[in-house]
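Start from the sequences and build out the full structure, keeping to the hints where you can.
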Amino acid sequence: MSALRLDGVHKSFGSNEVLRGIDLDVAEHEVVCLIGASGSGKSTLLRCVNLLEPIDAGRIFLGDEEVTRRGADANAVRRRIGIVFQAFNLFPHMTVLRNVTLAPRDVLGLSRAEAEERGLELLARFGLEHRRDEYPDRLSGGQQQRVAIVRALAMRPELMLLDEVTSALDPELVAEVLNVIRELAQGGMTMLIATHEMGFARDIASRVCFLDDGLILEEGPPTEIFARPKQPRTQQFLERIIEAGRL
Amino acid sequence: MASEGDRRSDAEVARRSRLLGSLRLEGEGARGVAIALLSTAVFVVAVVVAVTQSAGWPEVRRVFFSWHDISGSFPEIARAFVLNVKIFLVCEVFILVFALMIAVLRSLPGPVFFPLRALAIMYADLARGVPTILVIALLGFGAPALQLTGVPTSRVFWAGVGLVLIYSGYVAEVYRAGIESVHPSQEAAARSLGLSRFQALRRVILPQAIRRVIPPLLNDFIGLQKDTALVGTLGVIEAFNQSQIDSNATFTYGAYLAAAALFVAITIPLARLTDLLIARDRRRRQAGGGLA
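Residue numbers (the working numbering), protein chains in the order written: chain A, 967 to 1213; chain B, 2 to 293.
Quick caveat, the hints were computed from the structure, so don't treat them as lab data.
These numbers come from a predicted model, not from an experiment.
A few of these clues could be false.
With beta-carbon atoms standing in for the labels, derived distance ranges [said to hold, decoys possible]: (1) 1096/A to 274/B: 49 to 59 Å; (2) 111/B to 974/A: 41 to 51 Å; (3) 274/B to 1212/A: 48 to 58 Å; (4) 1096/A to 280/B: 20 to 30 Å; (5) 111/B to 976/A: 49 to 59 Å; (6) 1152/A to 185/B: 27 to 37 Å.
C-beta atoms are modelled at their ideal positions from N, C-alpha and C, and glycine is treated no differently.
As structure tokens, this is what we get:
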């Protein structure tokens, strides 16, 4: 069964059509990487799945539930989907542990003890337990992003959306975050990942989708897309990436 | 990038609090302190000499600075000043709550809430547009005259209502500025975790917003504390009215100075308190070890 299905999704901001009919199917335990130039619609696609942006046309299914139907409870949908942003977006006025336990307590109704147990277990798993009482601005970018991932995981989501989670990091901090994601993939987490890290996408993705101008122009296993891209636009994009030394 | 924006505004808060604390001479060294002391001494002596050498000084001194008048009227004015403090404290609580409600109404997004937003805007415009003294006179003399059953007829009560209505307009705008200063990515992060709009507001947006507006909020506190003197225009005996009575009895103005000293005695500690709160918040957030 598919964990996530997009059916002809359209989204415009004013007269700017960002998504022009996206069809996408993500199976359970599948890791799908979205690649493409900036402005090709990757981030918007993720924000639409999480209902942070209302779509103009098309349908989105989470499991067998249509989340874009009239009257769907957006809060209930978001509870089932974790999203991690490029800029971390941790809550600066809360400690690491409070960042992680806020939603489990307020949204899922867990007791403080239950939420903290769950949070500490996750923090420990990703080597952040000793940072539990720090405020986010005391952490390195890599640590902040790992906390953001833990914060999303604490809700036990059935799907994770990662929006260029390493783009705001110093190069030496990228690996620690990618390792976390790799571990999640090995654990069977279903993920939809927008990324500029082509080497990472090649390693981790079950499938790679090349977005161009609001459409999925080409998709397939990473070996296909990276070694033998069919579309001229994909070839052009990958050539530029190689030129920049990013693959 | 979102977090960068957040950090910048934090830096701004820090900088602002440094400005508030600029009387301190940290990091200037002994030489800096010596220069500061010397230049202050020269300035004070110059002013004192200029004032006391002026032609009108003996008369001004008699009328304003008679220690006998000041100290004689002080106890009575201090007793009356208790009412000012009471009005201030009670009104402040209602203002903080009421203004927050207005600010939240005004920041509701979407076309559905347009009427509420419009009301909140109209309210803020009116409250800030009408002179406080007029509102106090209208309510203080008008509302008791209606003789409505179950409604207090005390002038102090209605003057308090007037102050709450006026100041809520200002404080709501301060809150709103704070709410708008929190980057939208914070709300997106909260909502993406499944928090409702109200939960996101309560847990994520307001705590950050209010922290940022503590200094301007305190400004309005100080304004309110001073404006409690307007209640005296209703004939209520508070510090200002009492000092007027004393002043009329002695034909000198020493009583006004006594009243002024009382107001300053409240407002200056308030200002220092904000500095302290800001500094404590900054220290708390930067506490802990270095980066791992």
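Quick rundown of the hints versus the structure:
{"no.": "1", "hint": "1096/A to 274/B: 49 to 59 Å", "in the structure": "35 Å, violated"}
{"no.": "2", "hint": "111/B to 974/A: 41 to 51 Å", "in the structure": "26 Å, violated"}
{"no.": "3", "hint": "274/B to 1212/A: 48 to 58 Å", "in the structure": "53 Å, holds"}
{"no.": "4", "hint": "1096/A to 280/B: 20 to 30 Å", "in the structure": "27 Å, holds"}
{"no.": "5", "hint": "111/B to 976/A: 49 to 59 Å", "in the structure": "21 Å, violated"}
{"no.": "6", "hint": "1152/A to 185/B: 27 to 37 Å", "in the structure": "34 Å, holds"}
Consistency note: the structure conflicts with the earlier hints numbered 1, 2 and 5.
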